[in-house]
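Enquirer: These are the residues of each chain, in order.
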Amino acid sequence: MPEPRFSLSQLLQHILDVIRNEFPERYWIVAEILELHVNRSGHCYLELIEKSEKNDSILARARGTIWASRYSMLRPFFESSTGTRLKSGIKLLCRASVEFHPLYGFSLNINDIDPSYTIGDLARKKQEVISRLRKEGVMEMNRELPFPTVPQRIAVISSETAAGFGDFMETIENNNQGFRFEPTLFPAVMQGDEAVLSMIAALETVFEKVSEFDCVAIIRGGGSKADLECYNEYDLAYFITQFPLPVITGIGHERDETVADLVANRGLKTPTAVAEFLVDQLLSFEFHLSSLHERMTQAVKRIVQFHVALLERSAGNLENLSRGYIYRKREHLQQAHLLLSRVTGSFISKRKDHLALLQKQAELVNPDNILRRGYSMTLLDGKALKSIGKVRIGDRLETWLSDGQIISKTEKTLQKDGQGRDKL
Amino acid sequence: MAKEEISYDKAVKEIETILQKIEEGELGVDELARKVSRVTELLKICRDKLYKTEAQIDKILDDASPEEP
Chain A
119 MPEPRFSLSQ LLQHILDVIR NEFPERYWIV AEILELHVNR SGHCYLELIE
169 KSEKNDSILA RARGTIWASR YSMLRPFFES STGTRLKSGI KLLCRASVEF
219 HPLYGFSLNI NDIDPSYTIG DLARKKQEVI SRLRKEGVME MNRELPFPTV
269 PQRIAVISSE TAAGFGDFME TIENNNQGFR FEPTLFPAVM QGDEAVLSMI
319 AALETVFEKV SEFDCVAIIR GGGSKADLEC YNEYDLAYFI TQFPLPVITG
369 IGHERDETVA DLVANRGLKT PTAVAEFLVD QLLSFEFHLS SLHERMTQAV
419 KRIVQFHVAL LERSAGNLEN LSRGYIYRKR EHLQQAHLLL SRVTGSFISK
469 RKDHLALLQK QAELVNPDNI LRRGYSMTLL DGKALKSIGK VRIGDRLETW
519 LSDGQIISKT EKTLQKDGQG RDKL
Chain B
7 MAKEEISYDK AVKEIETILQ KIEEGELGVD ELARKVSRVT ELLKICRDKL
57 YKTEAQIDKI LDDASPEEP
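Chains as they are written, first to last, in my numbering: chain A, 119 to 542; chain B, 7 to 75.
Careful: at least some of the hints might be erroneous.
[Stated by the list, open to error] Label-pair ranges, simulated between beta-carbon atoms:
#: 1; chain 1: B; residue 1: T59; chain 2: A; residue 2: Q360; range: 30 to 38 Å
#: 2; chain 1: B; residue 1: A39; chain 2: A; residue 2: R448; range: 27 to 35 Å
#: 3; chain 1: A; residue 1: L439; chain 2: B; residue 2: T59; range: 56 to 64 Å
#: 4; chain 1: B; residue 1: A39; chain 2: A; residue 2: S409; range: 32 to 40 Å
#: 5; chain 1: B; residue 1: D15; chain 2: A; residue 2: G238; range: 45 to 53 Å
#: 6; chain 1: A; residue 1: A454; chain 2: B; residue 2: G31; range: 29 to 37 Å
[As the list claims (entries may be wrong)] In silico BS3-like cross-links for lysine-lysine, where the CA-CA straight-line distance does not exceed 25 Å:
#: 7; chain 1: A; residue 1: K327; chain 2: B; residue 2: K27
#: 8; chain 1: A; residue 1: K419; chain 2: B; residue 2: K27
#: 9; chain 1: A; residue 1: K419; chain 2: B; residue 2: K58
#: 10; chain 1: B; residue 1: K50; chain 2: A; residue 2: K327
#: 11; chain 1: B; residue 1: K27; chain 2: A; residue 2: K501
#: 12; chain 1: B; residue 1: K55; chain 2: A; residue 2: K172
[Claimed, not checked] Simulated coverage check for chain A against chain B, where a stretch passes if three residues somewhere in it have a Cβ under 8 Å from a Cβ of chain B:
#: 13; region: 129-135
#: 14; region: 196-207
#: 15; region: 291-301
Just so you know, the hints here were simulated from the structure itself, not pulled from any lab data. Ideal placement from N, C-alpha and C gives every residue a C-beta, glycine not left out.
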């Protein structure tokens, strides 16, 4: 008996029946989006895959559809919840019915998406990127670059058409203080699949003239709020860590910081915040200059006051000193004079007294004076006669008076001491 | 113009070094006067770089004002 034959439609109809029987419900399925496109009617067509965790090879693949009525509800909810668009590379937890159509084949009709799965998955991916950067020891490299004292020459990575770029330029060009800034735009695609490569290319252009800039500002704003995951990608983050200039980000995120924010020298929320930050840097430098100026003024004032006071005091001192000096010298002179006169006076008078005494003595012993006072001197044979004993009667005696001599002859001699001896 | 090439950091460092000397009061009057004028000059260089020139401000104002025939 020949085996039964089916037409293709019969077979497919049979499969359809089996599927309907076997998969009557909707199922929660985890899958990754490989491709996605939305047609004019607003229906969304996806290619869903599952990759091997070991080597990224594709283990399963299926078409998926989200009908326009559902898609118009699911998309905004998903994007606002996850901060990412539904696009290639995104992992989903979606609720789908299993569909089979004889003409169009197998597909999954998605009628719900649980964004929390994608949030978790993105967070995990972001964490993986951070871990990798940490492991490679580059996480802090741009953060550790010293921020320039006066950031004026700004390499701006942005899109000229982005509203954020306009805000940024407006804020720094028309700052109230009139600070000078020199922003240079390096255009790049700031969102979407090309963003990472485009931003890296722009950074490379900056790198070629790195000495002409003080810092880099990565500015994005006004675009889709749900298109930030490119700022979590390893390649961009790594490039930022390796960049020799400090990078500031202002990519308009509202939720968690992206990896780019984390590795950048300064991760700020919005382009305007970046511009304000730059203006503040110049303002604080101006304060520093003012304080230096004030310090100098004070120091010089102090020195001048000190020297003026010193001069005044010196002038006063000089007067006092010179007066005192003269007074003291004069006094000293007087004292010296007094002392001198006293010393010499007494010396002279002493000498005078002594001389007078000597003279007196001299006068006393002068024989003339003695004779004048009535004493006389008798000589025998030319010699002064001191004792009576030698005198004989008849001896010729010569008696000297003050004004002449007597020649006489001895008639009698008398001995003193009661022994009157008569030699006559 | 060569003098304007001095960087902010170098200028500030020089100012601070001079200020320290001034504050220590070790300078003679002539040197003090010289140092003060150097600080003033450095401050001016910094501020000249920091602010837009009048020409630049005029240009911005011109750009902002409606075009004239």
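Enquirer: What are the numbers of the hints that this structure violates, sorted from low to high?
Expert: Numbers 2, 4, 6, 7, 9, 10, 11, 12, 13, 14, in rising order.
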